[in-house]
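J.: Based on these hints, arrange chain B on the given structure of chain A.
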Amino acid sequence: MRGLTRSHWLLGLGVLLAIPVVIGRTARADINTDEPGSIIVFPKVVANGERDTVIHLTNTSNMNLGVHCFYTNAYSTCENDPNTVCTSDLGCQDPNDPNDVCIPRWEAFDFDINLTPQQPTFWRVSTGRASDVFATPCTGSTTCSCTVGAGGGLSCPGFTSTLGAFTPAQGEQFIGELRCYEVDPLDPDSLQPMAFNKLKGEAFLETLDSGEISAYNAITVQANTSLEGGLNDDLDLFLNRVNMGNGEYNACAESISFTSHGLDDDAAILNTGGEVDTEMTLVPCSFIESEPVPVQVTILSYDQIEGRNSQSLDFPCYFSERMSNPNLSFLWDADSNPDAQFTKTEFVVNQGTLCWTGEFKGESCNTNADCEGAIELPNSNSGLILGCLPAPGVFGVHEEFYSQGERPEGSAAASMYNHGAKDTDDLMIVNDLGGGGD
Amino acid sequence: MSNRTELPCAKGLLGLAIAGLAVLAVAPVSATTSDDPAAILVYPKVVVDTSGEWGPPSDTLLTITSNPTQSAPKQAHCFHVNSTGNCANSANEPCRTSADCDNPVPCVPNWAETDFDIFITPNQPLAWYASEGLSRGEFPIEGPGLCYNPVSQTYLGPCFSQFQCGPGYVCQITKESGGLNNVGSLIPPVANDPYIGSLTCVQFDPASNPPVPDTSATRNALTGDASIIALDSNTSKAVDVAKYNAVGFRRLPEGGNTDGELFLGGPNAEYEGCGNVVILDHFFDNATDPMSVAGEGSNSSNGVFTTELTLVPCGNDFTAIEPGDVVAQMLVFNEFEQRFSTSARVDCLYNKRISNIDTPNSNRSIFSAGVAGTIAGQTRIQGAGGAETGNGLTGVAQLFVATDIGGTDPRCIGNTLCSSAAYSLNRVGGVPGGDTLTMP
Chain A
1 MRGLTRSHWL
11 LGLGVLLAIP
21 VVIGRTARAD
31 INTDEPGSII
41 VFPKVVANGE
51 RDTVIHLTNT
61 SNMNLGVHCF
71 YTNAYSTCEN
81 DPNTVCTSDL
91 GCQDPNDPND
101 VCIPRWEAFD
111 FDINLTPQQP
121 TFWRVSTGRA
131 SDVFATPCTG
141 STTCSCTVGA
151 GGGLSCPGFT
161 STLGAFTPAQ
171 GEQFIGELRC
181 YEVDPLDPDS
191 LQPMAFNKLK
201 GEAFLETLDS
211 GEISAYNAIT
221 VQANTSLEGG
231 LNDDLDLFLN
241 RVNMGNGEYN
251 ACAESISFTS
261 HGLDDDAAIL
271 NTGGEVDTEM
281 TLVPCSFIES
291 EPVPVQVTIL
301 SYDQIEGRNS
311 QSLDFPCYFS
321 ERMSNPNLSF
331 LWDADSNPDA
341 QFTKTEFVVN
351 QGTLCWTGEF
361 KGESCNTNAD
371 CEGAIELPNS
381 NSGLILGCLP
391 APGVFGVHEE
401 FYSQGERPEG
411 SAAASMYNHG
421 AKDTDDLMIV
431 NDLGGGGD
Chain B
439 MSNRTELPCA
449 KGLLGLAIAG
459 LAVLAVAPVS
469 ATTSDDPAAI
479 LVYPKVVVDT
489 SGEWGPPSDT
499 LLTITSNPTQ
509 SAPKQAHCFH
519 VNSTGNCANS
529 ANEPCRTSAD
539 CDNPVPCVPN
549 WAETDFDIFI
559 TPNQPLAWYA
569 SEGLSRGEFP
579 IEGPGLCYNP
589 VSQTYLGPCF
599 SQFQCGPGYV
609 CQITKESGGL
619 NNVGSLIPPV
629 ANDPYIGSLT
639 CVQFDPASNP
649 PVPDTSATRN
659 ALTGDASIIA
669 LDSNTSKAVD
679 VAKYNAVGFR
689 RLPEGGNTDG
699 ELFLGGPNAE
709 YEGCGNVVIL
719 DHFFDNATDP
729 MSVAGEGSNS
739 SNGVFTTELT
749 LVPCGNDFTA
759 IEPGDVVAQM
769 LVFNEFEQRF
779 STSARVDCLY
789 NKRISNIDTP
799 NSNRSIFSAG
809 VAGTIAGQTR
819 IQGAGGAETG
829 NGLTGVAQLF
839 VATDIGGTDP
849 RCIGNTLCSS
859 AAYSLNRVGG
869 VPGGDTLTMP
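Top to bottom, those sequences are chains A and B. Position 228 of the first sequence, counting from 1, maps to 228 under the working numbering, and the rest follow consecutively. Position 364 of the second sequence, counting from 1, maps to 802 under the working numbering, and the rest follow consecutively.
Rather than coming from a laboratory, the hints here were simulated on the basis of the structure. There may be inaccurate statements among the hints.
Said to hold, decoys possible - A few chain A residues that don't get close to chain B, going by computed Cβ distances all over 10 Å: (1) D94; (2) P98; (3) P168; (4) P185; (5) N246; (6) E279; (7) G373.
As the list claims (entries may be wrong) - What the simulated footprint calls covered on chain A by chain B, stretch by stretch (three residues with Cβ under 8 Å from a Cβ of chain B suffice, anywhere in the stretch; the number is not a length): (8) 33 to 41; (9) 304 to 315; (10) 406 to 419.
Quick reminder that beta carbons are idealized off the backbone N, C-alpha and C, glycines included.
Chain A with its partners taken away, still in its complex shape (with noise of 0.2 Å):
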């Protein structure tokens, strides 16, 4: 597994007040969810030890597909406080110590996955998958599950065409995301994208003691088909497409957003009352397999009569958080503002630039200049410097929580609404690291 020192973060927040916020909406991106992709990117993926996560990954096509995918995880640690799991300085900071903070950890793992024509499959985040090819099928009069391979991973029913492990184990220390691409079926190792645009897919997200389970479908990017304007050789995968230009990738969205409820004690469920947080997940569009990618958003909440409040967030490469967060609640209390019963969050991205890398990383710049150590991709085939490039835009996914009493927490997700299309780029280079994949 490639690890990756870290980086260092640089990580602020500030309030902002009501002022509004003129965005020219461009054209609409076609980053979605509800159709086949060539890029697909599983933002939430939890493995530890209390949930864990099912992938389903499926073939739309009648012919083989490569894919190649990466597992980036951010399970990182409060540095004052080892046993707080965060992906972030908000979840260390509390009125006890409010000076804490999350040490990052980024790990991104490459794998490879081979789908046969119209090939659905899945696997278990923390467990893997065995490749079995001698994997009996399920009939009538046996229990159709898997069961613990000799390796540990999980073996199921079901063809896996794969020698060795079908997707890797990814143990029980796992948060982060799951990105995959489209590569030539016949050379995968070569990590040449393709723009066949026929991969979709689905996460369930499951509480291992009560059972209960979310589900969201994953995001997909569509490629340019286009012999011309289209992909390129180079492994640098720019999502720049806006309408049915010239460009790689379509383009992602200028800012995303959801409806919730707003941070209530007494919120109403069905008859009675209880409480909902929503845990909100982002992660930026752009990649680079051996950096996390600084974000700077703003997240604007609009409660039932309009009344807006807003916050800026930087976050290096994921940030998920629930709403009662001590440094976000403000934006969704229901309790001192009964018009914040439910609300809509929306998250707008920086459209400046930021330094990806060096001394100065996630400030503000103008030229690669002012990133003083700014790190030179030496297997970029654009030659790219990580410099002073585009803010990234932003993939979500929410996830609602209600609890009621003594009851255990029930769950719901569901994938966040797209907002116009950026016009600058971001990129997915994935062949930074050097090599092909293990």
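T.: Below, chain B alone, put in the same frame as chain A:
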């Protein structure tokens, strides 16, 4: 708000809907979306059962939000589509299938439509339970307000609408909404309890008199979602919530008119169309949850999957009280690439456990893991039948996983308690002739 009388759903003849369909040589690309603001929202599955006649007490929390790029109110003209049947021996006994009837009698399908209007201010989220709706006085911005002149910063008397203020004055109910409000909105509760049906909302332009389908620059402003909530009487059981995004149809930038006949895709497209094929990723019924494998950390040793599929036609004729009527042809693939097929008729709403689609004996179904042979599956669904309202289909899936807590829940195989999660279907291509949604 207006009501339409009930009409038996199962008809052998097509309705009298006016359709402008033509068969294209090349199928257009579908673009229905559950990820972008749109002009038409379809919530395929709305369930109400507050007294627990069909299973644990349930209700559906519906939301609708306006997401305009300019500050302008939006109007959602909505239709509750009631697909609740009644037992053949009792008109007052609602049912989904014959299994819901006390005696083994058929469940007579019905279809009825109720329409209403919601006026939404920019960025405003609205939410209501399907069993309750929202009455006047329950909307967030209804007033009374005060007539306010932003130039002179003076106030006149109270008001409920702009028409009550003189020139230069706006009826300001809240400062934040700048005079925009929800006055004129009314959301009725669904007609039955228990109930199963769908909800369709079309974005109108309230600035027109009378309001017509919105063709303005902010014509695609609506987003929405549904949370199906079940609360079992067993307090050791969690609140079960299954949430899905409404399916959206975006209004095209050019072409079409503002009459009540809406063309979804096809040669005269005014809105983006339905998918020619919708794809359901699923686990085969009766398969064991991979989280439940002994020794792998799960305490749920009962975890057996079942999936409920809900399909609705994309086209409907609310004027002639004629629901869409489509034959759903299904190709089912397992992990061995083996293929099975079946079909089902979708008239107004189809809601069934997948292992009961082709047979009442789920153990013998092609959707059963014991027949399919693997745990993971893919089902490709294509509409056919030549209905004048079109062959397009859309829908939602709800996965149920049995939990380890004692109790009963008829939603799950084995009648064990279970939890559920909802997710959207994928769509590919476009229906060649498009679909038609006709409104009064």
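J.: Give me the numbers of the hints this structure contradicts, sorted from smallest to largest.
T.: No numbers; nothing is violated.
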